[in-house]
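Protein chains in written order, with my numbering: chain A, 1055 to 1390; chain B, 1055 to 1390; chain C, 10 to 332; chain D, 10 to 332.
Mixed in with the good hints there might be a few duds.
As a list, the in silico EDC-like pairs of lysine to aspartate or glutamate whose alpha-carbon atoms are at most 20 Å apart [unchecked claim]: (1) K1349/B to E1315/A; (2) K1172/A to E99/C; (3) K1111/A to D65/C; (4) K1172/B to E229/D; (5) K211/C to D200/D; (6) K144/D to E1096/B; (7) K144/C to E1076/A; (8) K173/D to D200/C; (9) K211/D to E206/C; (10) K173/C to D1115/A; (11) K184/D to E1315/A; (12) K1172/B to D323/D; (13) K264/C to E1096/B.
The set of hints was computed from the structure by calculation and includes no laboratory data.
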Amino acid sequence: MAQMMYREAVLQTLFAEMERDERVVVLGEDIVGGMGTAGGPEAIGGIWSTSVGLFGKFGKDRVIDTPISESAIVGAAAGLALAGKRPVAELMFADFIGVSLDQIWNQIGKFRYMFGGKTTCPAVIRMAYGAGFNAAAQHSQSVYALLTAMPGIKVVMPSTPADVKGLLTQAIRDDDPVIFMEHKALYGAMGEVPDGDYTIPFGHARLCRAGQDVTIVTLGLMVGLCEAVADKLAAEGIGCDVIDLRTTSPMDEEAILDSVEVTGRLVVVDESPPRCSLASDIAGLVTTRAFASLKAPPGLVTAPHTPIPFARELESQYLPSPGKIEAAVRQTLAWR
Amino acid sequence: MAQMMYREAVLQTLFAEMERDERVVVLGEDIVGGMGTAGGPEAIGGIWSTSVGLFGKFGKDRVIDTPISESAIVGAAAGLALAGKRPVAELMFADFIGVSLDQIWNQIGKFRYMFGGKTTCPAVIRMAYGAGFNAAAQHSQSVYALLTAMPGIKVVMPSTPADVKGLLTQAIRDDDPVIFMEHKALYGAMGEVPDGDYTIPFGHARLCRAGQDVTIVTLGLMVGLCEAVADKLAAEGIGCDVIDLRTTSPMDEEAILDSVEVTGRLVVVDESPPRCSLASDIAGLVTTRAFASLKAPPGLVTAPHTPIPFARELESQYLPSPGKIEAAVRQTLAWR
Amino acid sequence: MQLSREALIRAYRQMKVIREFEERLHIEIMTGEIAGFTHLYCGQEAVAVGVCEHLDHDDMIVSTHRGHGHCIAKGCDVKGMMKEIWGSAEGICNGKGGSMHIADINVGMLGANGIVGAGSPIGVGAALSAKLDGKGKVAITFSGDGACNQGTTFEAMNMAVVTKAPCIFLYENNKYSEHTGVAYSVGTQRDIASRAEGFGMKVWRGDGTDFFSVYDTMREVLDYVRAGHGPAAVEFDTERFFGHFEGDPQRYRGKGELDNIRENRDALKIFRARVAEAKLLDITVLDGIDTEVLALIDAAVDEARAAPRPTAADVLTDVYISY
Amino acid sequence: MQLSREALIRAYRQMKVIREFEERLHIEIMTGEIAGFTHLYCGQEAVAVGVCEHLDHDDMIVSTHRGHGHCIAKGCDVKGMMKEIWGSAEGICNGKGGSMHIADINVGMLGANGIVGAGSPIGVGAALSAKLDGKGKVAITFSGDGACNQGTTFEAMNMAVVTKAPCIFLYENNKYSEHTGVAYSVGTQRDIASRAEGFGMKVWRGDGTDFFSVYDTMREVLDYVRAGHGPAAVEFDTERFFGHFEGDPQRYRGKGELDNIRENRDALKIFRARVAEAKLLDITVLDGIDTEVLALIDAAVDEARAAPRPTAADVLTDVYISY
Ligand SMILES: Cc1ncc(C[n+]2csc(CCOP(=O)(O)OP(=O)(O)O)c2C)c(N)n1
Ligand SMILES: Cc1ncc(C[n+]2csc(CCOP(=O)(O)OP(=O)(O)O)c2C)c(N)n1
Ligand SMILES: [Mg+2]
Ligand SMILES: [Mg+2]
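All chains, please: the whole structure from these sequences, using the hints.
Printed below as a string of structure tokens:
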């Protein structure tokens, strides 16, 4: 076991997988940093420091710094994957799916099906998502609901350094296309990371807290907030299951349904806006599949149906907070 | 009242609004047709025949045929709107939001908010959506859930020629950005269209059939299927409210909730895949806001979590059908 | 024209297969039996074949919505393609893709594509893979005069130049994108190659109705790219014999335009004329091939018509490898 | 250089306002008081001002993530901008946009933009609006040497050429996109203008650290575009004094590079030198402006710091006009 930051877990996993499998290729903007400058390559290593040292070790054909051309980045990953490589492309911000969506949604996510199951497209698209830095409406979004809605791509959302390693290793080895979403506000988070090689299978949620009274389903940065709320409520004798989904597509439906069968009460905590969201997806799942168990209306704690505002006061109000989560849990418990 | 086709209602509304307001400008690929050819302009008038004759009447500065550059089409609409015009851009297929999403989602949909409410962006983006022509995975999608998830844009889904006229007129006069989705399989549908000028406000659903037993919420092409099922069941004494949402953003939540309060049973019929869908959105709405009224788990009739297949047998199986809708209604009724 | 007799026969045969595949589809589609949108490649045969005759299965191509010709030229199974277009479970994509989504990675055919311009970045990726392998292989992306206006195409060109990817941007200028003329939609007027040159690539041009022009041009282009000079672009002037899609009334064509191109710009006629003129082959050999090809297409259609249909359960498979 | 005394003073003042606005932000940001990502325009003042001094409020500009200079030059309220960056409810966007999203449609400033390359198509739309109005107005889109690789930028150029939109594609080549040099990321090496030329536009080039070079070049470009010749492109060679964003350690810079550009490529120093050389103004006049501007910036910061903060309820407003 080593203590390391979330961002270090990303870097070390990329490093390990590139060493293990020479088909692994990484590409993205400034992932080398310093190309074409007096300072020279590796002056940076990615703006999130998740690719430092890869270029020096693996060279320019496997660590490809690209122009600002996200469609071409994702498209190149698609072509590399079809040609038998294992590309890991980086979108600096998840918001840039806007300029590259076709290649994710209509290309990478559809090849296998359109081509009759006769090909694989093992591309990984990493992207930094989420709010918390007052980066405003175009650099703070949590786009996982949009991507989860799209058949053919798997969507992975690690919340801890240990999960980063296990899930990213799985993503790179997985034969299907994977979106790997790293929360910007977690990059500096420390955690224990098991030594050696391991993978975490997709579609297996993690039970972070166990309790009998309410099921809290969440993911990414929100996990920590929910754990804190669960701990606070536990002191009062209120028991919460806190489920970290880890992957939203595939999603561990059984873990959610099993828990709700016991608790009868559901709260979903989701950093995205509410419409056609993961929160409503899970509410829909539970209502259709565990209706008889449900004792109260689900509490959905989401961002509002607005773009993400800039000012500190506004952004913090925009985001789910421990206070709102706690209120939702209490409201669910108080029902009837 | 005149009888006309859905596509004619689009064309006549564009014509009428262009005559009424000289700020209205239309743009898109082949909307004139024949530019730069021996046949000359207006050889076509849009592949859906929804812009025939506009060029001859309003000229090249208001009827702008464009290269195959969807980002630039939507972006140009954004710029026209910011500059005070009323652009109506056409994406030939809704699937092409893939290559233009940024301009819809991060630009048009966010200007007003990001700029502190000090500007408007009255752009309309029309797009042909939906399956039924065996056009396969990249030309058949129903992207309304993705767009509904995005704050800042209104999403409109007419199901009849009369609604086309009222809703498109409203869309063009609305000061907010509007996505106007026309179902390919409805273009040839005939219907009565009231004469004269009228608008249908957004966020007001239409009750197509009234009944006490089950609430069926649907939209677009699915409306006709649901009406047929309701009529069949009515003959058996089963009464269905069939609600045509007309707009998914804003959505007429009250119409849905009011109906479910009476019926206690909900079926949603949605042409898109199931995850983070409009179907789950509505199930979530009803479960959180009308929990006490709900007597049975909602039935969600959607496409499966797969891309859209090509072959006739596959596509027809992929789509919601009267048989599946009827089964969902019966299952909801049979519960407990 | 240093082609062997066998090579000449092969090239002609490939062009003829494409031609008859398409002429037959044109007829069959009118009966309503075939579903979906079909874009015929007829008229452009010299390009696909003049290119692909230089390639082996480790060279990769990326195609467009008008992909039948590229697929056949690159070695996709003709009967499997016909079955696919018929929507059979035995189609090359099991009936899931249809005309716009034919692919066979094993022969280096990385997919037709319904999204105009989407293929170019994919080609760059394939080329980067080839570069990494270091065996002198290339990727070729086919684009039309319409597709060259899509942002992805431009991004791909710059990215290929920057990364020195062995990628060839091949523009088939058939003068139309749907119903719009290239003189309108490409700002540099009919000239796509000059724009590619603006991205810093060496460019070539050729006559896309003349197999020999394409073949000879491509030899140079391929030598250049295989030698490691990075990407290149090439534009072929060619013709589309049918409408944009089947059913298109083509009102944008000039009077006599179609007759003229059928008469003077027919890749098969031109091939025959040039072969006869240079006495490269006895022309009856080509007649024999014609007969063979017609039989092949007849058989392909018969088999496609009789082939098993997909079943409801097939909808749910092939989304992922591991679920 | 046929500028009046007033025009010269105005130009210098505008550049100085931009400079001091940014120098001050650079300091204030280090205290942690200002939230978000801030990209400073310092070093490029001559471009924004040399361009906007030709424009009135009916001419429109579209800006980038590095937009403060464009905003100030186009006439946005400086105090409102400072308040915005501070996140105040009295900011020019009520605290909702921040540094990357400043806009003021009333002065023809159609928005800074956090998405690299997104502005170009928007500029084409604004230009099409101007064309429709027929009053000789133009739209100018500012892009960097990085943004010129985004597909949207290319699409916009072609679209403008095809539609003859009075749009000016203005490239500020400060040689860096984030931490990458233009020599790497633009396939045509340092030359963006030649690529724009490849799209069929007339292009100009100028020295983006010299107000007079920019101003004179832009007179020609604007005359050309206002006359109805369609779009044009212009590239200015310029310098970025600070890091890509605040906090950037700039390890990619060469030794002495920053000192050198501060010494020899400073738009304000160059302006002073040229004005002095040509005896256009008494240099003490400029010193007086410096004092004034510093006072303005001090006041702007004081006011921003004291200005009311937005409240929770503000999150939910301004999404739509009609709900
Ligand atoms: C992104 C996108 N935009 C528009 C279309 C619709 N469309 C299909 S083919 C086509 C014309 C393409 O023209 P060109 O590239 O010249 O190819 P050609 O049809 O001549 O082979 C268009 C506009 C599409 N499929 N994808
Ligand atoms: C679509 C998109 N890709 C990447 C980024 C991240 N990013 C912000 S600024 C920038 C560099 C832009 O370089 P350039 O256009 O030269 O402008 P400069 O910063 O030099 O003013 C990058 C990569 C972004 N904001 N948007
Ligand atoms: Mg063409
Ligand atoms: Mg730059």
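Here's how the hints hold up against the structure:
Of the pairs offered as hints, the one joining K1349/B and E1315/A holds, with about 18 Å between alpha carbons and a cut-off of 20 Å not exceeded. The straight-line distance between the Cα atoms of K1172/A and E99/C is roughly 12 Å, inside the 20 Å bound, and the hint therefore holds. Under the criterion of a C-alpha separation no larger than 20 Å, the hint pairing K1111/A with D65/C is inconsistent with the structure, at around 33 Å. For a cut-off of 20 Å, the pair hint linking K1172/B to E229/D is broken: about 34 Å separates their Cα positions.
Between K211/C and D200/D, the direct Cα distance comes to roughly 17 Å. Compliance with the 20 Å bound is thereby established for this hinted pair. With a C-alpha separation of about 28 Å, the suggested pairing of K144/D with E1096/B is violated against the 20 Å cut-off. Distance restraint check for K144/C and E1076/A: the Cα-Cα separation of roughly 16 Å lies within the 20 Å cut-off, and the hinted pair is therefore satisfied. Taken as a hint, the K173/D and D200/C pair is honoured in the structure, with Cα atoms around 18 Å apart against an allowance of 20 Å.
Between K211/D and E206/C the CA atoms are separated by roughly 16 Å; this keeps the pair inside 20 Å, and the hint holds. With a CA separation close to 10 Å, the supplied pair K173/C and D1115/A stays within the 20 Å bound. Distance restraint check for K184/D and E1315/A: the Cα-Cα separation of roughly 60 Å exceeds the 20 Å cut-off, and the hinted pair is therefore not satisfied. The suggested pairing of K1172/B with D323/D holds, with an alpha-carbon distance near 14 Å, which does not exceed 20 Å.
At most 20 Å may separate the alpha-carbon atoms for a hinted pair to count; K264/C and E1096/B meet this at roughly 16 Å.
Comparing the model with each numbered hint stated earlier shows that hints 3, 4, 6, 11 do not hold.
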